[in-house]
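Novice: Now for the letters of each chain:
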Amino acid sequence: MNKKRRYFGWLVPCIILTVTVAASPVFAQQPTADEINAVAKNLSCPTCTGINVADCPTETCAQWRAKIGELLAEGKSEQEILDYFAARYGDHVLQVPPKRGFFVLVWALPVIALLFGLAWLAYLMRGWAIRRAPVTVESVHGDQAPRGVSGQLSDDASLEDGYLKRVQQDLEKLS
Amino acid sequence: MANIGYVALLLALVLALYATVAALVGARRRMPELVMSARNAALTVTGLLTLSVVILEYLLILGDFRTLYVAEVSNRAMPVFFKMTALWGSQAGSLLFWSWLMSLFGGAVLLRKWGKMRTLMPYVIAVTQITLFFFISLISGIWTLLAVPLEALGLTSGAQLLADMVNINPFHQLGFTPADGNGLNPLLRHWGMIIHPPMLYLGFVSFVIPYAFAIAALVTRQTGDLWIRATRRWTLVAWLFLSMGLLLGGWWAYGVLGWGGYWAWDPVENAALMPWLTGTAFLHSVMIQEKRGMFKVWNMALIIMTYSLVIFGTFLTRSGVISSVHTFAQSGIGPLFLIFIGLMFIYSVILLFERLDSLKSENELDSLLSRESIFLLQNLLFLAVFFVTFWGTIFPVVSELVARQKAIVGPPFFNQVNGPLLAALVVLMGIAPLMPWRRASVQKLVRLLLWPVVVGLGVTAALFALGLRNFAILPGTQLRVLPVSLFYGFAAFTAVVTLLEYWRGTRARHRSTGEGYLRALWTLLGRNRRRYGGYLIHIGVIMMALGVIGTNFFQSETQRNLAVGESFTITSTLTGDYTLTYEGLRSLPAPDDVSRTGATLSVSRNGRNIGELHPTHDFFIPQEQPMTIPAMRYSLIEDLYVIVAGWEDGGATATFKAFVNPLVNWLWIGGFIFILGTAVAAWPDPAEDRRLALASAPRRTVPA
Amino acid sequence: MNLTEQVQTETTSPRRRTVWLLVALGLVLAFVAVLAFGLRPKTSTVLQGRPAPDFELTAFNGEFNGQRFSLQDMRGQIVVLNFWASWCVECDKEMPLLEQAWNDYRDQGVWLIGVDYLDIDSEGLAYLDRFGTTYPNGPDIGSRIFQDYQCTGVPETFFIDREGMIQHVQIGPLTQPQLYGLLDRLLAAETEG
Chain P
1 MNKKRRYFGW LVPCIILTVT VAASPVFAQQ PTADEINAVA KNLSCPTCTG INVADCPTET
61 CAQWRAKIGE LLAEGKSEQE ILDYFAARYG DHVLQVPPKR GFFVLVWALP VIALLFGLAW
121 LAYLMRGWAI RRAPVTVESV HGDQAPRGVS GQLSDDASLE DGYLKRVQQD LEKLS
Chain U
1001 MANIGYVALL LALVLALYAT VAALVGARRR MPELVMSARN AALTVTGLLT LSVVILEYLL
1061 ILGDFRTLYV AEVSNRAMPV FFKMTALWGS QAGSLLFWSW LMSLFGGAVL LRKWGKMRTL
1121 MPYVIAVTQI TLFFFISLIS GIWTLLAVPL EALGLTSGAQ LLADMVNINP FHQLGFTPAD
1181 GNGLNPLLRH WGMIIHPPML YLGFVSFVIP YAFAIAALVT RQTGDLWIRA TRRWTLVAWL
1241 FLSMGLLLGG WWAYGVLGWG GYWAWDPVEN AALMPWLTGT AFLHSVMIQE KRGMFKVWNM
1301 ALIIMTYSLV IFGTFLTRSG VISSVHTFAQ SGIGPLFLIF IGLMFIYSVI LLFERLDSLK
1361 SENELDSLLS RESIFLLQNL LFLAVFFVTF WGTIFPVVSE LVARQKAIVG PPFFNQVNGP
1421 LLAALVVLMG IAPLMPWRRA SVQKLVRLLL WPVVVGLGVT AALFALGLRN FAILPGTQLR
1481 VLPVSLFYGF AAFTAVVTLL EYWRGTRARH RSTGEGYLRA LWTLLGRNRR RYGGYLIHIG
1541 VIMMALGVIG TNFFQSETQR NLAVGESFTI TSTLTGDYTL TYEGLRSLPA PDDVSRTGAT
1601 LSVSRNGRNI GELHPTHDFF IPQEQPMTIP AMRYSLIEDL YVIVAGWEDG GATATFKAFV
1661 NPLVNWLWIG GFIFILGTAV AAWPDPAEDR RLALASAPRR TVPA
Chain W
2001 MNLTEQVQTE TTSPRRRTVW LLVALGLVLA FVAVLAFGLR PKTSTVLQGR PAPDFELTAF
2061 NGEFNGQRFS LQDMRGQIVV LNFWASWCVE CDKEMPLLEQ AWNDYRDQGV WLIGVDYLDI
2121 DSEGLAYLDR FGTTYPNGPD IGSRIFQDYQ CTGVPETFFI DREGMIQHVQ IGPLTQPQLY
2181 GLLDRLLAAE TEG
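Chains as they are written, first to last, in the working numbering: chain P, 1 to 175; chain U, 1001 to 1704; chain W, 2001 to 2193.
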C-alpha cells in the first residue's frame, strides 16, 4: 500500500515533466514540406478553382501552408487542423464537405440511388423470372427453338459451340 | 472580308431555320419537294459555315486586329500554327467551330443515308438544323435585337446581358485597329491542347446523329432497330472522338499543368466524361436490342440522356455556371442555353412517354445468368458512375440553393465513390464475354471462369507476397479493408478472359482451316470487327486500369527546398530510391513573349547516375501568367516527374516537387489500344453489315 | 432515368404512366432550376439599394481589440464596410486612404469597419501595421460576412446609410475623391432627411 503510494508520488511529477518537455517548442520538430502538403491536400485553394492548397502557387496558399506548419509544430493532428480551417474560413475550404447536416447528402444520395437501382433491377428480373418459369422447365427437356426470335440467336445460345459454329459459317462462306 | 464572313453566318442562320421548318412541314404534308428543299438548305448551311470558318482563319493568319476576336486570341509574336488553332481559343471561335463541325456531320449523314431512310430524314434534318440554328444564333448577334424591347419592359439587366452578346460575334469589328492583339492563353499553347478541343467537339457534335435518328424514329413510330443500325457506326465514331478527347485532355494535364496527375474531376472534365459514360452504356445496351429486341425504351432514354449531356457539357464549359470563384464574363449565353436545354429535355421526355406503346419489348429476359442481365447490371453501374459524377459536379450549386452553404466537392469524393464502381465494371467486363445470350448453364460458366479466377487470385496473392501490401480505404470510412493487389487481380482476371476469347476463336479457325495462328487471328479480327474490336477495347481498358491503380495507390511525392549542390531523395514504391541533385538555374531561349527559366538536376537511382532532368518555369509576359513545365523520365514501370516550384536569390536556392508515378504510361498505351479497338469496331465491314441486315430483317418494322 | 424501364414491363396503365411522366418532368425542371440558380448574377452590386445584411465581427487590432461590432448596434450611423486581405495587392492602394478618411470623418458619426477575408490573423495584423491602420478590423469567421454580402473578391467596399441601406457598392480599389464624395453625400442626405 505504502509502496504503491510512493510510486504514485513520483508518477505525477514525471508525467508533468514529460508533458511539458514534449510540448515545449524546443522539442517540437519543424514539420517538413511533405508533412505540410499531406494536410494541405485536403484543403482547396479559396481564390482559384479546382486546385488544392498543396499544389497552388498563390500567395494565399503559401500563407496557409505556413499556418499548417505552425499548427503541426504545435502538435495538432491533421483532423484538428482541417477543423480549424473549416471553422475559421468556412466549410467550402475543405476538399470534401464535412459529413454533417445537408452535406451528408453528397455521400448519401449516390448510395441511395445505387441501392434504388439495384432494387429496381432485382424487381424487374424477378418479374421476368416468374413469368419465364414454365418456359425454363420446358427448355430443360429439349432444345426448343426460341420463341419469337430469329434463328440466328440459337448460335449464341450455347457457349463455345456458338463460336465454333460462327467460325465455321465464316469458313463456309469463304470456300 | 470580315463582312463576308458575317453575312455567310447570317445566311446560315436563316437557312438553318428554313430547313427545320421546311423539313417538318414537308414531312407532315407529304410534300417531297419541300423536304428536298430542306435538304438542300441544310447542305448550304454546311457550305456557308465552312466559308465563315475559312474567312475567320484567314483573318487570324493575316492578323486583322480590327476584328475583335482576332485581337483577343492572337498577337504578332505567335507562330502561324498557333494563329490557326486560335480558331478555338475562345468563346466566339469555339462556338463557330462547334457549329461548323456539327453542320459537317449533319451534311455527311444527309449525303450518305438520304436514299435509304426517306421517312426518317425530314426529322433528322429538323433536329440537326434547329440545334445549329440555336448555336449560330448565339454568335450571330441577333439576340442583341431583343435588348431594346426588354429594356422597354424594364428588364434592364436582362437587356444588358443580351446587348453584350454583340462581343461574341467572331466577326465583330472594333472601331479602331489595335497595334497588337492579346495573344492566346499560354495554357493552350501545347499541342495536346491544340488537338484536344477539336476531338472533344467532334465527339460532342457527332452524338447529334444517333439522337436525331432516335427522335425521328420516335416521331415516325419506326421504333424497330432501324435507327440503331443506321447510326451504329456514327455512334462509335462519336464515342471514338470523345474517348480521344478525354485521353488527350488527361495527357495534356499530365504534361503541362505540373501537379503530377492527369485527371482532377473538375467540372469541365466531368462535363466531357458524363456523356461518355452514358454513351458507353448505350453502345452496350443497343447490342441487346439488336440481338433480342429488348430494352427499346431504355436505349431511347440513354441516347436522349447522352445528347442532353453533350449540350449540358457545352453549357457547363461555356457559361461558368458551376465554378463559383471564377467570374466568367456574364453574357446572355447562359440563360439562352438554359432555355434551349430545358425545351430539348422536356420535348424529348414527353415524346418518349407518348411513344411508349410502340416501344414494347419483343422478348423477355430468359435467365438471370445471361448476357442480357450482365449488360443490365453493367448499364446500371455506368449510370451510377455517371450519377456520382453529375451529383458531385452540381452539388455546390444545389448546396447553395437549398442549404445556403457553400461547398466544394473535390477529387477525394469522386475517387472514393467512383473507384469501387469502376472496379466492379472491370470485373463485369471480364464476365460478360463468357455469358451467352438468353441463358447460361452454371457448370459451363464455372468451367469457363475457373482459369481466369485462378490467375486473378494468383496475381493478387503473388503481388501481396511480393510486398504490395497497401490497402484501399472503404469509401466514406477510414477502414482499410481492400488490399490493392486485389485490383490487379481483377485486372488479371479480365485480361485472361479476354485473351482466352481471342485464343478460342483463333484456335477454332486454326483447327478447321489449318491457317497459321497469326493469320487465323488476323482473319478473326477482320471477319468480326465489332466483336474483336470490342475485346481490343477491353484489353486497352485493362492496361489503363493498371496505370490508374498504380498512380492512385502507389504514387510517391516529395517537396524540398535546396541550395545548389544539395540533393534530395524520393523513394519509389516499385524500384528504389531516386536521388536528385540541384546543379543550378539558368534562363533559356524562348519565344519573344515568354521568359523561360530552367533548372538542372542530376538524377541517380540507387546510387547509379542515370542522367539529368530540366524542369522549366515559363513566364508569359503579356498575360503575366507563370507556368511550370515538368521534366520527366519515362519508363514502363514508372515516371519520375519533377517541377521547379520556385526559387530565391536568382537560383541560389530553389524549391522542387518530385513525383514517382508508377505504371502511368500504361494509361497512355492502354488508351492507344482502346482507340485502335474502337477504330477496328467502327471500320466499315460490308460483310458484317449484310449479316446484320439479314439477321434483323424479319423484325424490321414496316414503315407505315 | 431508370423510370422508363418500369413502364416497359407492365401492360401500360395510363395513370401509372402519367405519374412517371410527371416524375420525369419534375426531375428535369428541378435540374433546370438548379442551373438557373447557378446562372444568377454573382456580384455584390445586386445589393445596391437594398438593406444591408447584418454582420457580427470581433475586432483584432489596436484600441478596438476584442470589441464586438454588429451592424444592428451601429444603426443610425454611417458604416463603411471594407473587405481586404494581406495577400491582396490591389488593397495596398486604398488602405492609406481609408485610414485618412477614418481620421477625417470619425467624429461625424461614420464607422469604418475592415473585414479581413481568408487571411492568417498574424499576416493580417502585420499588414495593418504596415499601413498604420487604427479603425476596427476583424477576421471574417467562416467567411460568413463575405458570403452574405455576395462579394466577388477583394477589395470591395459597401457604403451603408443610417437606415441600414446599402447606398453604394465599390468593386475594386477606391480613389480618394470617390471615397470622400460618397461619404459627403451620405452625410448630406442625412441632414436633409
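Derived from the structure by calculation, the hints contain no laboratory data. A portion of the hints provided could be inaccurate.
[Said to hold, decoys possible] Derived pair list, reagent style DSSO-like, types lysine-lysine, alpha-carbon separation capped at 30 Å:
#, chain 1, residue 1, chain 2, residue 2
1, U, 1360, U, 1113
2, W, 2042, P, 99
3, U, 1360, U, 1116
4, W, 2093, U, 1360
5, P, 41, P, 99
6, W, 2042, W, 2093
7, P, 41, P, 76
8, P, 41, W, 2042
9, U, 1113, P, 41
10, P, 99, P, 76
11, P, 99, U, 1406
12, P, 76, U, 1406
[What the hints assert, rightly or not] Partial selection, computed: residues in chain P whose CB lies under 10 Å from chain U:
#, residue
13, 30
14, 44
15, 71
16, 77
17, 101
18, 107
Here a beta-carbon is modelled for each residue, glycine too, at the ideal position from N, C-alpha and C.
Novice: With reference to the structure, classify each hint as holding or not holding.
Specialist: Hints versus structure:
1. Of the pairs offered as hints, the one joining residue 1360(U) and residue 1113(U) holds, with about 26 Å between alpha carbons and a cut-off of 30 Å not exceeded.
2. This hinted pair checks out: residue 2042(W) and residue 99(P) have alpha carbons roughly 27 Å apart, not beyond 30 Å.
3. A threshold of 30 Å between alpha carbons decides the hint, and for residue 1360(U) with residue 1116(U) the separation of about 25 Å falls inside it, so the pair holds.
4. Restraint check: the Cα-Cα separation between residue 2093(W) and residue 1360(U) comes to about 71 Å, which exceeds 30 Å; the hinted pair is violated.
5. Between residue 41(P) and residue 99(P) the CA atoms are separated by roughly 18 Å; this keeps the pair inside 30 Å, and the hint holds.
6. About 25 Å separates the Cα atoms of residue 2042(W) and residue 2093(W), which keeps this hinted pair within 30 Å; it holds.
7. At most 30 Å may separate the alpha-carbon atoms for a hinted pair to count; residue 41(P) and residue 76(P) meet this at roughly 16 Å.
8. For the given pair, residue 41(P) sits about 28 Å from residue 2042(W) by alpha-carbon distance, which is consistent with the 30 Å threshold.
9. Note on residue 1113(U) and residue 41(P): the hinted pairing is violated, with a Cα-Cα distance of about 53 Å set against a maximum of 30 Å.
10. For a cut-off of 30 Å, the pair hint linking residue 99(P) to residue 76(P) stands: about 21 Å separates their Cα positions.
11. The straight-line distance between the Cα atoms of residue 99(P) and residue 1406(U) is roughly 14 Å, inside the 30 Å bound, and the hint therefore holds.
12. Among the hinted pairs, residue 76(P) with residue 1406(U) is consistent with the structure: their alpha-carbon atoms are about 26 Å apart, no more than 30 Å.
13. This hint is violated: residue 30(P) has a C-beta 12 Å from the nearest C-beta of chain U, more than the 10 Å allowed.
14. At a threshold of 10 Å, the smallest CB-CB gap from residue 44(P) to chain U is about 5 Å, leaving the interface hint in force.
15. A least Cβ separation of about 18 Å between residue 71(P) and chain U goes past the 10 Å threshold, and the interface hint is therefore violated.
16. For the restraint placing residue 77(P) at the interface with chain U, the shortest Cβ-Cβ distance is roughly 13 Å, beyond the 10 Å limit, so the hint is violated.
17. At about 7 Å, the closest approach between the beta carbon of residue 101(P) and any beta carbon in chain U falls short of 10 Å, and the interface hint on this residue holds.
18. Taking 10 Å as the C-beta contact cut-off toward chain U, the hint placing residue 107(P) at the interface holds, the least distance being around 5 Å.
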